[in-house]
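There are 4 protein chains.
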Amino acid sequence: MTLARRAVAEGLGTAMLLAVVVGSGIMGERLAAGNLALALLANSVATGGGLIALILTFGPISGAQFNPLVTLSLAVMRLMPWREVPPYVVAQIIGGVVGVWAAHLMFGETVFQFSVKARPGMALAWSEVVASFGLLMVILSGVRHRAEAVPYAVAAYIVGAYWFTASTSFANPAVTIARSLTNTFAGVRPQDVPTFIVAQFAGAAAATLMFAWLFKAPAIRAQGRDTRSEALKAP
Amino acid sequence: MTLARRAVAEGLGTAMLLAVVVGSGIMGERLAAGNLALALLANSVATGGGLIALILTFGPISGAQFNPLVTLSLAVMRLMPWREVPPYVVAQIIGGVVGVWAAHLMFGETVFQFSVKARPGMALAWSEVVASFGLLMVILSGVRHRAEAVPYAVAAYIVGAYWFTASTSFANPAVTIARSLTNTFAGVRPQDVPTFIVAQFAGAAAATLMFAWLFKAPAIRAQGRDTRSEALKAP
Amino acid sequence: MTLARRAVAEGLGTAMLLAVVVGSGIMGERLAAGNLALALLANSVATGGGLIALILTFGPISGAQFNPLVTLSLAVMRLMPWREVPPYVVAQIIGGVVGVWAAHLMFGETVFQFSVKARPGMALAWSEVVASFGLLMVILSGVRHRAEAVPYAVAAYIVGAYWFTASTSFANPAVTIARSLTNTFAGVRPQDVPTFIVAQFAGAAAATLMFAWLFKAPAIRAQGRDTRSEALKAP
Amino acid sequence: MTLARRAVAEGLGTAMLLAVVVGSGIMGERLAAGNLALALLANSVATGGGLIALILTFGPISGAQFNPLVTLSLAVMRLMPWREVPPYVVAQIIGGVVGVWAAHLMFGETVFQFSVKARPGMALAWSEVVASFGLLMVILSGVRHRAEAVPYAVAAYIVGAYWFTASTSFANPAVTIARSLTNTFAGVRPQDVPTFIVAQFAGAAAATLMFAWLFKAPAIRAQGRDTRSEALKAP
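Protein chains in written order, with the numbering used here: chain A, 1 to 235; chain B, 1001 to 1235; chain C, 2001 to 2235; chain D, 3001 to 3235.
Just so you know, these hints were derived from the structure itself, not from any lab.
Honestly, I wouldn't trust all of these hints.
Taking CB as the label site, the calculated pair distances span [what the hints assert, rightly or not]: (1) 2209(C) - 1118(B): 38 to 48 Å; (2) 1005(B) - 2082(C): 23 to 33 Å; (3) 3114(D) - 1145(B): 50 to 60 Å; (4) 2030(C) - 1004(B): 45 to 55 Å; (5) 2004(C) - 3085(D): 32 to 42 Å; (6) 3002(D) - 1001(B): 51 to 61 Å.
To be clear about the criterion: a stretch of chain A counts as covered by chain D if any three or more of its residues have a C-beta under 8 Å from a C-beta of chain D, and this derived list gives those stretches [what the hints assert, rightly or not]: (7) 40-49; (8) 80-88; (9) 147-158.
Pulled from the structure, derived: some chain D residues nowhere near chain C, Cβ distances all over 10 Å [claimed, not checked]: (10) 3115; (11) 3189; (12) 3202; (13) 3209.
All figures in this text were calculated on a predicted structure; none of them were measured in a lab.
Beta carbons: idealized from backbone N, C-alpha and C, even for Gly.
Chain A on its own, in the form it takes in the complex:
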């Protein structure tokens, strides 16, 4: 499949993912009558369901990475060619924003918004480090060992991570940027975005290093091997 087609698929999948995250947040909050646990339960279950479906759907087309951390980590591990990183990341960011707007339209919200929801401080930054570290471990091990199970592993991880991290686990710079553009349940105000993204990269880098050590850095020894096609099929 051509790079253009794969980038479109990547953007489309990321748009659907953000529509799921933001839309189910709006619905959950509207129906939960003020009970935040119920709203987050709906949000997390819906996101998990959406992720299973979207990774199964777009995995065979574009790899269903939906996340610049994943794209970059795969490139570092030489499972993705570097020249494809920019179009993938651009598609993810644009797709995420479009998905937020699509959700707004579904719920009769103003299309263009900025979040005012504060998510500040070291505890939340550390949450994003942990969340991103865990997500990348799940993906790096999964792509290598149990590619067919990656959709379930990632979705299950995120359902858990919505709850076990204080930040509700963004763990994705494209998602973080997009969620700054919605003043609803899933939003984050723009001034907290840079800290989140730095923390996410720190967690992803730690996971990549840990994984490389656990496997004696096989990626570095396999420099000449083009493993792109397998990787794209995998997750």
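Once you've looked at the hints, dock chains B, C and D against the given chain A.
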């Protein structure tokens, strides 16, 4: 298996699906003490469970399409013979109605009802476009690439879609018609049905076109090939 | 594996199943502060989780039928020898009762109880017909076509059936008898047991007939074939 | 992979598991507005999601045992060399404690805590016997018969066991020790830890004996066979 047997299976499966959707809506609303998030959580989890079971059960028999959008899209993609479309669609519509009545009998409700629940407006119509677009992408990609995972992909998608669309994702004309015949949690008043169905067809058409483009319209190039039997086994 | 070992496994698995059903009902009701939807949500999710685990665990040992309807239907379909039906059914009934008592001990309840929870009337009887019909369709089709997915199919079906039937889907005579011996959330008073069991057999018989028709009664034509070992491995 | 690397992976995975258990307990309790059923529902669903992801991730690396009961039982069944038991168990205990502290940091809690939550008495001890018996049956049968499904079986079992046991199913000495170090939702006061651990070993021993009897003690007959590598890949 003969077409007659497959059409009966398709109707039976759609009847069970509607019994799940409508029955769990009634139970959820009765027990939730006014909390709509809890009622929809029960409704969505029950529908997801039912879909996994029903698609696994009827998939090997009739294809477990349960949805005229899916039947038509597979016919367009030449994965289903056109002459089988009418009996399938008729079976789906009749089955759906029977399933609603079966649910009413289980809960001591009047069998014959019309919904008075209003679901009007452009936001809900757009929701049905998005919901149907996503569902068809999940199915078209799944049938082609990971047929054994389609039951899980579809169920997971619908669990998410109950929450991330403002319409709770009907995404199925047979389901929409049937749900106009129940004045309970899952109902929709008859005058909103036409808009829903038009929106559903728009979303399904967009997905079919998008999928054909992503794969360079392989269906059109494979005109002479009868792929029915594989497709029927798949979803 | 000897019949004695398999019967013990069948009883042990059914005991664990009842401990899950009754125990999670007690816990759900105790914690839910009067909200029955939350209690049933906990009860259904826990039962689904337990069923996945128990069918995966005991399926390769005894078939993990845990249900006289399933044992009898498989015997009718010639997938189980008739002489093994009595020890299986006895083990299921004894196991179920032991499991209820084990749950009572875990929650500091009196061991020996009788339920006073009324579940009377035609709507509930019809619910049990539908619930048992659906369960047997799931199992009969699953054993034949997708044996490795049966644990997930059955668990998903029961999660749905707790909600879409007005009786919360007992669908199992051994479970029904056992649940008459607990005066907690999952109980049913003894005088409603006979109606439930008759309805369950009616639903199971209808499913067996429907399935045999759909497949042109392959079991009847394959009279000489001993398919026990495959069937036992399957679900 | 070297033993050192595998022990690190085992500790890392157990740390992530405790972060999930404790973190989601804190989040659940904070958001649930006093409704304990909602808090436990969040806690159980998050733990189930985390377990699927973590066992899929670390299973191919270290076996993803995360539990001294499992490590010892596999050694008794000769599926794990005895000399590897001490480093595994030490890594699990250290990892568990680190995971609790990581969760405290994510939620702005004091790092070092002791629980004051009382979980005393025979009913809870019996709950831990049942919980551990069931968990070991799931794992021993799963490793032998359906290794690829063990992540789902264990996670599904634990989701159920949070609800069907009065103790919420610790079923793991490393987890029990670690949870004595958090004075939050998932905690247990130190003086109840010894009883829990004794009960856990009793349940695990019973399951190991039961399983050996069901299979005529194949492990004892296969003394000369080094099955470590398969076992490590399995769960």
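Evaluation of the provided hints:
Taking the beta carbon of each, residue 2209(C) and residue 1118(B) are about 42 Å apart, inside 38 to 48 Å as hinted. At about 28 Å, the beta-carbon gap between residue 1005(B) and residue 2082(C) stays in the expected band of 23 to 33 Å. For the pair residue 3114(D) and residue 1145(B), the beta carbons lie near 52 Å from each other, so the given range of 50 to 60 Å is met. Remark: the range hint 45 to 55 Å for residue 2030(C) to residue 1004(B) is upheld by a beta-carbon distance near 52 Å.
In this structure, residue 2004(C) and residue 3085(D) meet the distance hint of 32 to 42 Å, their C-beta atoms being roughly 33 Å apart. The given range of 51 to 61 Å is respected by residue 3002(D) and residue 1001(B), whose C-beta atoms sit roughly 55 Å from each other. Residue count for the segment 40-49 of chain A with a Cβ under 8 Å from a Cβ of chain D: 5. That meets the three needed, and the coverage hint holds. Interface restraint, the segment 80-88 of chain A with chain D: violated (0 residues with C-beta to C-beta distance below 8 Å; minimum three).
With 8 residues having a Cβ less than 8 Å from any Cβ of chain D, the segment 147-158 of chain A passes the three-residue criterion, so the hint holds. A cut-off of 10 Å between C-beta atoms confirms that residue 3115(D) is not in contact with chain C; the least separation is 19 Å. With a closest Cβ-Cβ approach of about 19 Å to chain C, residue 3189(D) is found to remain outside the 10 Å limit, as its non-interface label requires. Interface exclusion of residue 3202(D) from chain C stands, the closest Cβ pair being 14 Å apart, more than 10 Å.
Every C-beta of chain C lies more than 10 Å from that of residue 3209(D), the closest at about 13 Å, which supports listing it as non-interface.
When the structure is compared with the earlier hints, a violation turns up for hint 8 alone.
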